[in-house]
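The residues making up each chain are set out below.
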Amino acid sequence: MASGTAGEADTFPKLLLRNARERASRVAFRHKDLGIWQSWNWAEVATHVRDFAKGLQDLGLKRGEKVAIVGYNRPRLYWSMCAAQWLGAVPVPVYADSVAEEMAYVLDHAEAVFAVVQDQEQVDKILSIAERLPHLRHMLYDEPRGLRDYDHAKLHAIEAVMQAGHRALKDPQAEAAFAREMEQGKGSDLGIILYTSGTTGRPKGVMLSHYNVIVAAEIGCGFDGLTESDEVIAYLPIAWVGDHVFSYAQAMLAGFCVNCPESPDTVIDDRREVGTTYAFAPPRVFENMLTITMVRMEDAGALKRKMFHYFLGVAKQYGEKILNGESVPLKGRLLYKLGDMLVYGPLRNRFGLTNIKVGYTAGEAIGPELFRFYRSIGVNLKQLYGQTEAGVYITMQPNGEIKADTVGKPAPLVEIRIDESGEVLYRSPSIFGGYYKDPEKTAETMTADGYVRSGDAGFFDEGGHLKIIDRAKDVGKLASGELFPPKYLENKLKFYPNIKEAVAFGQGRDYATVAINIDLTAVGNWAERNNVVYASYQELAGHDLVYDMIAKHVDEVNRSLAAEPMMGGAQIKRFLILHKELDADDGELTRTQKVRRGFIAERYAPLVAALYDGSEIADISTEVTFEDGRKGVISARVKVRDAKTYPVTVEGAPAAAKAA
Amino acid sequence: MNAEPINVTGTPLRDKGEVLLSVENISLRFGGVKAITDVSFDIRKGEIRAIIGPNGAGKTSMLNCINGFYQPQEGQIVFKGERRAKMRPHRAAAGGIARTFQNVALFKGMSTLDNIMTGRTLKMKKGFFWQALRHGPAMQEEIEHRRVVEDIIDFLQIEHIRKLPVGKLPYGLQKRVELGRALAMEPELLLLDEPMAGMNLEEKEDMCRFILDVNNQFGTTIALIEHDMGVVMDLSDRVVVLEYGRKIADGTPEEVKADQRVIDAYLGVAH
Chain X
1 MASGTAGEAD TFPKLLLRNA RERASRVAFR HKDLGIWQSW NWAEVATHVR DFAKGLQDLG
61 LKRGEKVAIV GYNRPRLYWS MCAAQWLGAV PVPVYADSVA EEMAYVLDHA EAVFAVVQDQ
121 EQVDKILSIA ERLPHLRHML YDEPRGLRDY DHAKLHAIEA VMQAGHRALK DPQAEAAFAR
181 EMEQGKGSDL GIILYTSGTT GRPKGVMLSH YNVIVAAEIG CGFDGLTESD EVIAYLPIAW
241 VGDHVFSYAQ AMLAGFCVNC PESPDTVIDD RREVGTTYAF APPRVFENML TITMVRMEDA
301 GALKRKMFHY FLGVAKQYGE KILNGESVPL KGRLLYKLGD MLVYGPLRNR FGLTNIKVGY
361 TAGEAIGPEL FRFYRSIGVN LKQLYGQTEA GVYITMQPNG EIKADTVGKP APLVEIRIDE
421 SGEVLYRSPS IFGGYYKDPE KTAETMTADG YVRSGDAGFF DEGGHLKIID RAKDVGKLAS
481 GELFPPKYLE NKLKFYPNIK EAVAFGQGRD YATVAINIDL TAVGNWAERN NVVYASYQEL
541 AGHDLVYDMI AKHVDEVNRS LAAEPMMGGA QIKRFLILHK ELDADDGELT RTQKVRRGFI
601 AERYAPLVAA LYDGSEIADI STEVTFEDGR KGVISARVKV RDAKTYPVTV EGAPAAAKAA
Chain Z
1 MNAEPINVTG TPLRDKGEVL LSVENISLRF GGVKAITDVS FDIRKGEIRA IIGPNGAGKT
61 SMLNCINGFY QPQEGQIVFK GERRAKMRPH RAAAGGIART FQNVALFKGM STLDNIMTGR
121 TLKMKKGFFW QALRHGPAMQ EEIEHRRVVE DIIDFLQIEH IRKLPVGKLP YGLQKRVELG
181 RALAMEPELL LLDEPMAGMN LEEKEDMCRF ILDVNNQFGT TIALIEHDMG VVMDLSDRVV
241 VLEYGRKIAD GTPEEVKADQ RVIDAYLGVA H
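Just so you know, the sequences run in chain order X and Z.
Residues in the first sequence are numbered from 1 upward in steps of one, following the working numbering.
Residues in the second sequence are numbered from 1 upward in steps of one, following the working numbering.
So that you can see chain X by itself, here it is in the shape it has in the complex:
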């Protein structure tokens, strides 16, 4: 192996060679294939990456050119990033499940000359858009299945490219020249372009230098004390900044092992086999694990079930306090110890979280109940707030200061400022250099003094923790000028299992109101237990007892809003329960299940009017689309109720209720 730089390892290929020297025989990558974990140590990975890079060079890849990488988390795809960087080319990971249309845009915009893909599916997808990609010269694939009969003039197996590179490097002169090629790389070089998923408009290419990404990795590794003995499982999209930092940059920096699961469906089992020490997952992954457990527990024997629920109660009472290092009575500690042996330990094992040092959740708000559940059974789950433009980290929760409803304190090296409109701005050495080929957007996002506009509105609580309310452009104002953050209200409501969706109104109005969707499973269950008879969703939704129940939830939300000085004005004055479920087929939700507030306000205009004109009842008929595409009309009479509001208090203790 050629030696790396004498100086500092300021690029990823240099870090790789440093790892190959300092921890050659430690396992760097694992991949479960055909039921067996295959592994590669750092020395092997370094050789493979070098051979790969040489193969790419001989295929004509040059400094500064872009290489698209498409697929799930596979060692060879991660290596392809490093191989491209070796040559000074720029990897552009692309979401594997994006449709051909989106992929065509990104590949064309990035001017990718090579595409490294996982399998036949991706090869076919790119071939189908090939005529729109004038820059694309070669395509490489990882899994050969089904590709044998394809024309291989411009299509190559990664394995074959690596072997060709290996042969070319047998010549010592070529090898030395090739090491020099790598050493030309500098930390300030463009390291990677990550396209943001683009919920609004076209995806934008976020340019990050080696330095940016390495700093981001240092922030994370330093904050949670990650070392070469850690293990992660790589299963989130490689095009997402989180995966790039967690599974690539931090692994390279700290030298720990990245495990690639067998398939997206086997992640939980694979994680359990590996015993990862560091984990990352969006809230829905944690939610799924909990739901599966709860459902399976219902099938367990009576004794087991009793024990399970009893000790979950104990955990709820003491678990978080113990994790946070607060004082807990001896009895609580002993009970918790016992519970740990009988329930929590086995549960963590099932979840594959036995060895976990720290787990992160981000991407969307996590329900406080869910968050506390995992913490109470001893999983050090934390939240972080990040963005691609920040090289991921903006705020993180330090140990011992974990709250379910904030995203933590500014990460090391990160400065945060909140402007007069409530938008969060941040600055750090890891922030991006600009959007690729889009100076206009870059100028809109970056301020003159080097801060980045996050596009999110938020505020700091008294403990210095950041709370994110909503996208800044969605935060409105009531007629009185007080803040009206619709998503913040909706999320607070949605954390109640009985509420499936909520839509808040109030922009430019006198007060805030909400339309609520009940959760049929949860409320139906409740109805069964309480002998509430109903024949349809509509009837259940309009039931007085259901209204009473939802009114309690709204009341609790108002109390909690009253305790937050900036949010107190947005308390919910009136609410109603919708007679039908909001549905993406009717255009009321996006395909990713986000409510389309504007559309709903139009479609249910009579109901919204009733929320504000004081009437107790409103009639509505709406057209609906059935699953088979037929259309029909649903008519209903919907009740509107008033809710109590509370005077705003800073301490959090609600004063005497003011009758609405």
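To be clear, the hints were calculated from the coordinates, so they are not data collected in a lab.
These figures come from a predicted structure and were not determined experimentally.
Hints are supplied without guarantee of correctness; some may be wrong.
Stated by the list, open to error - DSS-like cross-link-like pairs, simulated, lysine-lysine; straight-line CA separation at most 25 Å:
no., chain 1, residue 1, chain 2, residue 2
1, X, Lys306, Z, Lys168
2, X, Lys631, X, Lys594
3, X, Lys125, Z, Lys126
Said to hold, decoys possible - Chain X is faced by these chain Z residues, among others (derived, beta-carbon under 10 Å):
no., residue
4, Leu113
5, Val149
6, Glu150
7, Gln157
8, Ile161
9, Arg162
10, Asp213
The beta-carbon is built from N, C-alpha and C at its ideal position, and this holds for glycine as well.
Assemble chain Z onto chain X, guided by the hints.
Below, chain Z without anything else, positioned relative to chain X:
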């Protein structure tokens, strides 16, 4: 790591011409009930052959004759040039005929992996004693078989249920496991009895793809019974139609679809 899927049969792919199996004037009676009357047709190497017909037409009985579960009173079956009046199930299996069942017939309490492994039974050469010891050559043999099974698991994309008891799986996945077990025999002729019964659209589409892939990649000849006409017309190279135990049509999907007797059999005629 990602080896080409093994070519299970070793036969050249999609070589349709040579007759692999032919059924000659088969009649089958249960006492006075005539299940099949004087039916003849052939299955060529590498093709997908569908057997269709209304309920009680004798389709499953036909498959049962082919793999020797039933003994027809008259007629003969020629398999790979060998003519016999009686086929025995174990001989059929050893000769390269595998099947799946209309009602899933798996070992419910065993894992997916073990169920598919049972498909390798006939290929295991070491005696019971050595296998019980799980040592030396027997262990080596088991590893070899496991490798084949893992290829099948990968092929059918059922890694996530590898270790789950099949009784707990949804129906569509059980069907897939059953197909896996049949494939584990590395059959030359695969008999599928209503592989798509009771499945939803998505599961059907998956199953269709697997059937086509098996035929394409492994070159396996497939005879299938199916009720979903869309599936039959899309998948099969040739179709034989039975009604009340008699053959009423035989030909390509287009020919069969246009045949008046077939239309009558399916839609009914005024008598």
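Structure-based check of each hint:
For the hint pairing Lys306(X) with Lys168(Z), the CA-to-CA distance comes to about 24 Å; that is within 25 Å, so the pair holds. Using a Cα cut-off of 25 Å, the hinted pair Lys631(X) and Lys594(X) holds, with the two alpha carbons roughly 23 Å apart. Of the supplied pair hints, the one linking Lys125(X) and Lys126(Z) is violated, its CA atoms being roughly 47 Å apart against a limit of 25 Å. For Leu113(Z), the suggested interface contact is upheld, since its CB lies about 8 Å from the closest CB of chain X, less than 10 Å.
Hint status for Val149(Z): holds, given a least beta-carbon distance of 9 Å to chain X, under 10 Å. Taking 10 Å as the C-beta contact cut-off toward chain X, the hint placing Glu150(Z) at the interface holds, the least distance being around 4 Å. Below 10 Å, beta-carbon pairs count as interface contacts, and Gln157(Z) has one with chain X at about 7 Å; its hint therefore holds. For Ile161(Z), the suggested interface contact is upheld, since its CB lies about 8 Å from the closest CB of chain X, less than 10 Å.
Taken as an interface hint, Arg162(Z) checks out: its beta carbon lies about 7 Å from the nearest beta carbon of chain X, inside 10 Å. Here the hint on Asp213(Z) is kept, as its CB sits about 8 Å from the closest CB of chain X, short of 10 Å.
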